[in-house]
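*Asks:* Residue numbers (full-length UniProt numbering), protein chains in the order written: chain A, 1 to 518; chain B, 1 to 80.
By construction, these hints were calculated from the structure, which means they are not laboratory data. Note that the Cβ used here is the ideal one computed from N, Cα and C, for glycine as well. The reader is advised that the hints may include incorrect statements.
[Claimed, not checked] Simulated restraints on C-beta separations:
| no. | chain 1 | residue 1 | chain 2 | residue 2 | range |
| --- | --- | --- | --- | --- | --- |
| 1 | B | W12 | A | E400 | 31 to 37 Å |
| 2 | A | P455 | B | L45 | 33 to 39 Å |
| 3 | B | F14 | A | K51 | 42 to 48 Å |
| 4 | A | K294 | B | Q16 | 36 to 42 Å |
| 5 | B | Q16 | A | I233 | 40 to 46 Å |
| 6 | B | W12 | A | K51 | 39 to 45 Å |
| 7 | B | E27 | A | T117 | 16 to 22 Å |
| 8 | A | K444 | B | L46 | 52 to 58 Å |
| 9 | A | T117 | B | Y11 | 28 to 34 Å |
| 10 | A | Y112 | B | G43 | 25 to 31 Å |
| 11 | A | T22 | B | F14 | 21 to 27 Å |
| 12 | B | G43 | A | K51 | 29 to 35 Å |
| 13 | A | K65 | B | Q16 | 31 to 37 Å |
| 14 | B | S59 | A | T22 | 43 to 49 Å |
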Amino acid sequence: INHIVHNGGLYKRPFNEAFEETPMLVAVLTYVGYGVLTLFGYLRDFMRQWKIEKCQNATEREEQKDFVPLYQDFENFYNRNLYMRIRDSWNRPICSVPGAKVDMMERVSHDYNWTFTYTGRVIKGIINMGSYNYLGFAQKSGACQEAAAKVLSQYGAGVCSTRQEMGNLDKHEELEKLVARFLGVESAMAYGMGFATNSMNIPALVGKGCLILSDELNHASLVLGARLSGATIRIFKHNNMQSLEKLLKDAIVHGQPRTRRPWKKILILVEGIYSMEGSIVRLPEVIALKKKYKSYLYLDEAHSIGALGPSGRGVVEYFGLSPEDVDVMMGTFTKSFGAAGGYIGGKKELIDYLRTYSHSAVYATSMSPPVVEQIITSVKCIMGEDGTTVGRARVQQLAENTRYFRRRLKEMGFIIYGNEDSPVVPLMLYMPAKIGAFGREMLKRNIGVVVVGFPATPIIESRARFCLSAAHTKEMLDTALKEINEVGDLLQLKYSRRRLVPLLDRPFDETTYEETED
Amino acid sequence: MDVKSTAGFVYWLFCQFELITCSYLMEPWEKVLFYSFNLAAAGLLLYAAYACVAAHLGSALQLLWSIPANPRDNALAAVK
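Produce the entire structure from the sequences given, and follow the hints as far as they go.
*Replies:* As C-alpha cells, then:
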C-alpha cells in the first residue's frame with residue numbers, strides 16, 4: 001500500500017488511498033432503480049404532453065412549440081423526473097452561523113417538491129457535517145469576529161471600486177504580505193471570489209499555442225478557466241502519474257498538432273484535495289515530472305490549505321516539499337479561514353504580471369474589509385502569531401477527528417473513498433432512492449449531511465459527503481457515527497467487502513484496464 | 001414464532017424492495033400502478049410455473065413409476 005520504495009523514495013510517509021470497487025449486485029440494482037425511474041419519467045412526460053397532468057416545469061411557449069425543442073435532452077429529463085423527487089435534500093435554508101451545530105428552517109412540500117412552504121419552526125442544534133469549516137473559524141464570537149467588527153466600524157462594508165482603480169486598501173496590502181509569508185512564497189494576491197480566481201486568472205497565464213494538462217476530476221472553475229483561455233486541453237486519468245507522463249512525453253515529442261512546433265507553455269492543473277473523492281494529489285511525483293519535462297504547475301489548494309500539514313500550510317507541507325517547486329499556488333479563503341475569496345501565490349514577477357493583466361483585478365470589486373480582517377486574524381491564529389496555541393491545536397484536532405471518523409466508518413463496513421488523511425469523507429450510496437432517504441433520515445435524527453448525485457458524480461456513484469471540522473468535539477462525532485450506523489443498517493448501506501485492494505503499482509499502458517490489482 | 005419480529009422483518013424487507021426499485025420516491029398513484037404491474041407479472045409467473053412445470057413433472061413421474069411396475073411392455077419400449 002505504501003509506495004515509498006517504488007517511487008524512488010519520493011514519499012516521506014505512507015500514501016494510503018483507496019477507492020473500493022462497486023460490488024456487482026449493487027451496480028445491477030442501481031441500474032434497475034434508474035431504469036424504473038426512467039420508465040416512470042417517460043410516463044409522466046407523456047401525461048404532461050397530453051395534458052392529463054398539470055405541467056409545472058419550464059416549457060416552451062405555445063408559439064414556439066414547432067421550433068427546435070429546448071427541454072428534450074437528458075439533463076432536463078433528469079431534472080424534471082429524478083431530481084425533483086429528491087430535491088428537498090438540497091438548498092435547505094439555514095438561519096445561524098454554520099459552525100459545528102447549525103439551525104435550519106423547517107420546510108414542507110405539499111406537491112412533491114415542486115414548491116416548498118415554511119412551517120415557521122426552526123430546527124435548532126443540527127450537527128453540521130456538510131459545511132466547509134475545516135478549522136472551525138465560522139464563529140460568531142471570538143477574536144476573529146471582534147477584529148472584523150472593529151474593521152467594519154472603521155472602513156464600512158463596501159469598497160465601491162476595483163483593485164486597480166480606487167479599491168486597493170492598506171488592508172489588502174497587509175493581507176497579501178501575510179498570505180505570502182504564510183505560504184512561504186515571494187508574493188501573493190487576493191481576490192474577492194474563489195471561483196473567479198481560477199476562471200479569471202488561468203486565461204491571463206496561458207493562451208493559444210499553450211497546452212493545459214488537467215486532471216479528470218478537476219473543479220468547474222479550473223475547467224472554465226482552461227476553456228476560456230483558448231489553450232489546448234488534454235485530460236489525464238485521476239491522480240494517475242503514468243497517464244500524465246504519457247501525455248507529457250507525447251506533448252514534447254509531437255509538439256502542436258498541425259505545425260509540430262513546440263508548445264509555448266505546458267501547464268499542469270491539479271487540486272490539493274479533490275472534494276468529491278477525498279483524494280490527495282500525488283504532489284512529489286507531479287513535481288518530479290514537471291521538472292523532468294520542463295512544464296509549469298498550477299496547484300489549487302481550495303480544500304487543502306489549512307486542513308493538511310502539521311501547521312496547516314497545505315499539501316506542500318504535508319509532503320515536506322518546498323513551495324518554490326510549485327509555480328502557481330492558488331487557494332481559497334472560503335473553506336479553512338471562514339471568509340470568502342481566493343488568492344494566488346508565487347514568484348514576484350508572476351504576481352506583478354497578474355496585478356496588471358488579470359481580469360479579476362481589473363473588473364471585479366475588491367474584497368470587503370471585514371472579510372479581509374477575518375482572514376488576517378485567522379491566518380495569524382493558525383501561524384501562532386496572535387500569542388496563543390489555538391491555531392496549532394485546531395489543526396491537530398482536525399487531523400485527529402479525520403483519523404477517528406474515517407477509521408470508525410471503515411470498521412462499520414461502509415465504502416469510503418479517498419485518502420486516510422483527507423477531512424473530506426465520501427460515503428458511497430449508489431442507489432437513487434437511498435440518496436433521498438439518507439438525507440431525510442439523517443435530518444430526522446438532527447444531523448445535516450450533503451448528499452451528491454448526478455451530475456456532480458458519475459450516475460451510479462452517488463455519495464454522501466461529510467466535511468469534518470476542528471470544531472466537532474468527540475461527543476458530536478460519536479453521536480453522528482451512532483446515527484450513521486443506524487441509518488446504514490436501516491437502508492443497508494454497508495456494502496464494503498473489506499478486501500484491502502492496493503492501487504496499481506506497475507506502469508499504466510494500453511493493456512491495463514483496472515486501476516486496482518485484484 | 002415471534003409474530004412481532006417476523007412482521008417487523010417482513011416490513012424491513014419491503015422497505016428494502018421500495019428503496020431498490022425507487023418506489024420509495026413515487027407518488028401514491030405511481031406506487032399503485034407499479035405494484036399492480038409487479039403483482040400481475042408475479043402472478044403470471046406463478047401460473048406459468050403451475051401450468052407448465054406441474055404438467056412436465058407429472059409426465060416425468062409417470063415415466064419413472066412405469067419402469068418397475070410392468071417389466072414387459074414398460075415405458076422404455078413405449079419411448080423406443
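*Asks:* Indicate, hint by hint, whether the structure satisfies it.
*Replies:* Comparing the hints with the structure gives:
1. B/W12 <-> A/E400: 31 to 37 Å: Taking Cβ atoms as reference, B/W12 and A/E400 lie about 36 Å apart, which means the hint holds.
2. A/P455 <-> B/L45: 33 to 39 Å: Holds: the Cβ-Cβ distance is about 37 Å, inside 33 to 39 Å.
3. B/F14 <-> A/K51: 42 to 48 Å: violated (35 Å)
4. A/K294 <-> B/Q16: 36 to 42 Å: violated (56 Å)
5. B/Q16 <-> A/I233: 40 to 46 Å: At roughly 44 Å between Cβ atoms, A/I233 and B/Q16 fall inside 40 to 46 Å, so the hint holds.
6. B/W12 <-> A/K51: 39 to 45 Å: Roughly 41 Å apart at Cβ, these two residues keep to the hinted range, so it holds.
7. B/E27 <-> A/T117: 16 to 22 Å: holds (18 Å)
8. A/K444 <-> B/L46: 52 to 58 Å: Roughly 38 Å apart at Cβ, these two residues miss the hinted range, so it is violated.
9. A/T117 <-> B/Y11: 28 to 34 Å: holds (31 Å)
10. A/Y112 <-> B/G43: 25 to 31 Å: holds (30 Å)
11. A/T22 <-> B/F14: 21 to 27 Å: holds (25 Å)
12. B/G43 <-> A/K51: 29 to 35 Å: Holds, since B/G43 and A/K51 (Cβ atoms, about 34 Å apart) stay within the stated range.
13. A/K65 <-> B/Q16: 31 to 37 Å: This hint is violated: roughly 43 Å between Cβ atoms.
14. B/S59 <-> A/T22: 43 to 49 Å: For A/T22 against B/S59, whose Cβ atoms are near 46 Å apart, the range 43 to 49 Å holds.
Hint violations for this structure: numbers 3, 4, 8, 13, all remaining hints satisfied.
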